[in-house]
Amino acid sequence: MNKEQFLKRIKRESGDEALVAYYDELISDRLDAGETETAVIKVLSYEFSKKELEKESTKRGKGKTWIVLGALFVSPWAAPALLGLGIAFIAIFLSFNAAAFSLAISAMAGVVWSLIVAFGLMGTESAGYVLLNVGSVLVASGIVGIIGYFAVKFVLKFNVWLSVKFFGLAKRKKEKVK
Amino acid sequence: MDAQIKKGLLDVCVLATLARGESYGWQIIKDVSDVIEISESTLYPILKRLETGGLLITTEVAHNGRLRRYFRITKDGIARIKDFKEEYKSLLKIYEYINGGINE
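Line by line, the protein sequences are chains Y and V.
For what it's worth, our numbering labels the leading residue of the first sequence as 119, then goes sequentially.
For what it's worth, our numbering labels the leading residue of the second sequence as 4, then goes sequentially.
Rather than coming from a laboratory, the hints here were simulated on the basis of the structure.
Bear in mind the structure is a predicted one, so any value in this text is a computation, not a measurement.
Take these hints with a grain of salt, some might be off.
[Unchecked claim] Restricting the straight-line Cα-Cα distance to at most 30 Å, the calculated cross-link-like pairs of lysine-lysine (DSBU-like) are:
hint: 1; chain 1: V; residue 1: Lys85; chain 2: V; residue 2: Lys10
hint: 2; chain 1: V; residue 1: Lys51; chain 2: Y; residue 2: Lys168
hint: 3; chain 1: V; residue 1: Lys33; chain 2: V; residue 2: Lys9
hint: 4; chain 1: Y; residue 1: Lys121; chain 2: Y; residue 2: Lys160
hint: 5; chain 1: V; residue 1: Lys10; chain 2: Y; residue 2: Lys129
hint: 6; chain 1: V; residue 1: Lys51; chain 2: V; residue 2: Lys9
hint: 7; chain 1: V; residue 1: Lys85; chain 2: V; residue 2: Lys33
hint: 8; chain 1: Y; residue 1: Lys121; chain 2: V; residue 2: Lys33
hint: 9; chain 1: V; residue 1: Lys96; chain 2: V; residue 2: Lys10
hint: 10; chain 1: V; residue 1: Lys85; chain 2: Y; residue 2: Lys129
hint: 11; chain 1: V; residue 1: Lys33; chain 2: Y; residue 2: Lys129
hint: 12; chain 1: V; residue 1: Lys85; chain 2: Y; residue 2: Lys168
hint: 13; chain 1: V; residue 1: Lys78; chain 2: V; residue 2: Lys51
hint: 14; chain 1: Y; residue 1: Lys160; chain 2: V; residue 2: Lys51
hint: 15; chain 1: Y; residue 1: Lys168; chain 2: V; residue 2: Lys10
hint: 16; chain 1: V; residue 1: Lys51; chain 2: V; residue 2: Lys33
hint: 17; chain 1: V; residue 1: Lys10; chain 2: V; residue 2: Lys92
hint: 18; chain 1: Y; residue 1: Lys160; chain 2: V; residue 2: Lys9
hint: 19; chain 1: V; residue 1: Lys78; chain 2: V; residue 2: Lys33
hint: 20; chain 1: V; residue 1: Lys10; chain 2: V; residue 2: Lys78
hint: 21; chain 1: V; residue 1: Lys10; chain 2: Y; residue 2: Lys160
hint: 22; chain 1: Y; residue 1: Lys169; chain 2: V; residue 2: Lys96
hint: 23; chain 1: V; residue 1: Lys88; chain 2: Y; residue 2: Lys126
hint: 24; chain 1: V; residue 1: Lys78; chain 2: V; residue 2: Lys9
hint: 25; chain 1: Y; residue 1: Lys129; chain 2: V; residue 2: Lys96
hint: 26; chain 1: V; residue 1: Lys9; chain 2: V; residue 2: Lys96
hint: 27; chain 1: V; residue 1: Lys88; chain 2: V; residue 2: Lys33
hint: 28; chain 1: Y; residue 1: Lys121; chain 2: V; residue 2: Lys51
hint: 29; chain 1: Y; residue 1: Lys168; chain 2: V; residue 2: Lys9
hint: 30; chain 1: V; residue 1: Lys78; chain 2: V; residue 2: Lys96
hint: 31; chain 1: Y; residue 1: Lys160; chain 2: V; residue 2: Lys33
hint: 32; chain 1: Y; residue 1: Lys126; chain 2: V; residue 2: Lys51
hint: 33; chain 1: V; residue 1: Lys9; chain 2: Y; residue 2: Lys169
hint: 34; chain 1: V; residue 1: Lys10; chain 2: Y; residue 2: Lys169
hint: 35; chain 1: V; residue 1: Lys10; chain 2: V; residue 2: Lys51
hint: 36; chain 1: Y; residue 1: Lys168; chain 2: V; residue 2: Lys33
hint: 37; chain 1: Y; residue 1: Lys126; chain 2: V; residue 2: Lys33
hint: 38; chain 1: V; residue 1: Lys51; chain 2: V; residue 2: Lys85
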């Protein structure tokens, strides 16, 4: 690329006449100083491309922000919808945790209750009656306990997934490994 | 050097070069490059910003059968350098504080 082609490129890509004049002068000064046209154009072309790429990347970043902000301000339902989604998300998280842990607690409470019942009935009722009552509570607690175990396991995984997805814990973990 | 710190320093460095006497693009790059890295593509927006802010003025002078653009610092430009020198005192305090944290 020679000087003329380079200046045409600047004009085409920037549309700024003052910038063309600036580069025109710079090239002339460097050529007057004894540098070769090829070397000067090579350096300036690289610098110019780098700057344009930086501008483009900044524009893209700003563009995304403006799209989100624009959507929030322009659309009357965007802000309430975003708020609703946020609340729903928090509600799902809390209810998952509450449900899983209440199942586990219910199972434990069932075992304790069956022991209280057993002690209360012993001596006043027949052994068969005590066993039937305590046994049924224990079986029910066991079923709830198994469901609770899987529920807690699932919720703990869900919590870890959430932390990784939204708070970048995985990134920190990877950095530590490095 | 951190890009944000450099950005602030470059403006003042260009003004300081012009405070030594009027100059043109290529000469400014050569002078400023002695103390801080600056490229051709970086200088243009700085000059444009300083000119828009009234910190420098330009004149075109004939040179080797072409026009060369000369930049001259204004009173506001000198005031900007003075402001920077005042800001530098605060910066120096911060630097000493940071430096002390490492030595202690």
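Do the hints match the structure? See the list:
With a CA separation close to 18 Å, the supplied pair Lys85 (chain V) and Lys10 (chain V) stays within the 30 Å bound. Our distance criterion of 30 Å between C-alpha atoms is met by Lys51 (chain V) and Lys168 (chain Y), whose separation comes to about 19 Å. Between Lys33 (chain V) and Lys9 (chain V) the alpha-carbon distance is near 17 Å, which keeps this suggested pair within the 30 Å criterion. This hinted pair checks out: Lys121 (chain Y) and Lys160 (chain Y) have alpha carbons roughly 10 Å apart, not beyond 30 Å.
For the suggested pair Lys10 (chain V) and Lys129 (chain Y), the alpha carbons sit about 26 Å apart, so the restraint of at most 30 Å is met. The straight-line distance between the Cα atoms of Lys51 (chain V) and Lys9 (chain V) is roughly 17 Å, inside the 30 Å bound, and the hint therefore holds. Distance hint between Lys85 (chain V) and Lys33 (chain V) is fulfilled; the C-alpha atoms sit about 23 Å from each other, no more than 30 Å. Our distance criterion of 30 Å between C-alpha atoms is met by Lys121 (chain Y) and Lys33 (chain V), whose separation comes to about 21 Å.
Straight-line distance between C-alpha atoms of Lys96 (chain V) and Lys10 (chain V) comes to about 21 Å, which keeps the hinted pair within the 30 Å bound. Our distance criterion of 30 Å between C-alpha atoms is broken by Lys85 (chain V) and Lys129 (chain Y), whose separation comes to about 37 Å. For the hint linking Lys33 (chain V) to Lys129 (chain Y), the alpha-carbon distance of about 25 Å falls within 30 Å, and the restraint holds. Restraint check for Lys85 (chain V) and Lys168 (chain Y): not satisfied, since their Cα atoms lie roughly 33 Å apart, outside the 30 Å limit.
Using a Cα cut-off of 30 Å, the hinted pair Lys78 (chain V) and Lys51 (chain V) holds, with the two alpha carbons roughly 17 Å apart. Among the hinted pairs, Lys160 (chain Y) with Lys51 (chain V) is consistent with the structure: their alpha-carbon atoms are about 24 Å apart, no more than 30 Å. This hinted pair checks out: Lys168 (chain Y) and Lys10 (chain V) have alpha carbons roughly 17 Å apart, not beyond 30 Å. Among the hinted pairs, Lys51 (chain V) with Lys33 (chain V) is consistent with the structure: their alpha-carbon atoms are about 18 Å apart, no more than 30 Å.
This hinted pair checks out: Lys10 (chain V) and Lys92 (chain V) have alpha carbons roughly 19 Å apart, not beyond 30 Å. A C-alpha spacing of about 25 Å is found between Lys160 (chain Y) and Lys9 (chain V), which places the hinted pair at or below 30 Å, so the restraint holds. For the given pair, Lys78 (chain V) sits about 24 Å from Lys33 (chain V) by alpha-carbon distance, which is consistent with the 30 Å threshold. Restraint check for Lys10 (chain V) and Lys78 (chain V): the C-alpha separation of about 22 Å stays at or below 30 Å, so the hint holds.
At most 30 Å may separate the alpha-carbon atoms for a hinted pair to count; Lys10 (chain V) and Lys160 (chain Y) meet this at roughly 25 Å. At roughly 34 Å between alpha-carbon atoms, Lys169 (chain Y) and Lys96 (chain V) are farther apart than 30 Å, so this suggested pair is violated. Restraint check: the Cα-Cα separation between Lys88 (chain V) and Lys126 (chain Y) comes to about 42 Å, which exceeds 30 Å; the hinted pair is violated. For the hint pairing Lys78 (chain V) with Lys9 (chain V), the CA-to-CA distance comes to about 24 Å; that is within 30 Å, so the pair holds.
A hinted pair counts as satisfied when its Cα atoms are at most 30 Å apart, and Lys129 (chain Y) with Lys96 (chain V) does not qualify at roughly 46 Å. Between Lys9 (chain V) and Lys96 (chain V) the CA atoms are separated by roughly 19 Å; this keeps the pair inside 30 Å, and the hint holds. For the hint linking Lys88 (chain V) to Lys33 (chain V), the alpha-carbon distance of about 23 Å falls within 30 Å, and the restraint holds. Our distance criterion of 30 Å between C-alpha atoms is met by Lys121 (chain Y) and Lys51 (chain V), whose separation comes to about 23 Å.
With a CA separation close to 17 Å, the supplied pair Lys168 (chain Y) and Lys9 (chain V) stays within the 30 Å bound. With a C-alpha separation of about 28 Å, the suggested pairing of Lys78 (chain V) with Lys96 (chain V) holds against the 30 Å cut-off. Proposed proximity of Lys160 (chain Y) and Lys33 (chain V) is supported: the alpha carbons are some 18 Å apart, at most 30 Å. A hinted pair counts as satisfied when its Cα atoms are at most 30 Å apart, and Lys126 (chain Y) with Lys51 (chain V) qualifies at roughly 21 Å.
With a C-alpha separation of about 16 Å, the suggested pairing of Lys9 (chain V) with Lys169 (chain Y) holds against the 30 Å cut-off. At roughly 14 Å between alpha-carbon atoms, Lys10 (chain V) and Lys169 (chain Y) fall within 30 Å of each other, so this suggested pair holds. Taking the CA atoms of Lys10 (chain V) and Lys51 (chain V), the gap is about 14 Å. The hint holds against a cut of 30 Å. Distance check on the hinted pair: Lys168 (chain Y) and Lys33 (chain V) sit about 20 Å apart at the alpha-carbon level, within 30 Å; holds.
At roughly 26 Å between alpha-carbon atoms, Lys126 (chain Y) and Lys33 (chain V) fall within 30 Å of each other, so this suggested pair holds. About 21 Å separates the Cα atoms of Lys51 (chain V) and Lys85 (chain V), which keeps this hinted pair within 30 Å; it holds.
The earlier numbered hints that this structure contradicts are 10, 12, 22, 23 and 25.
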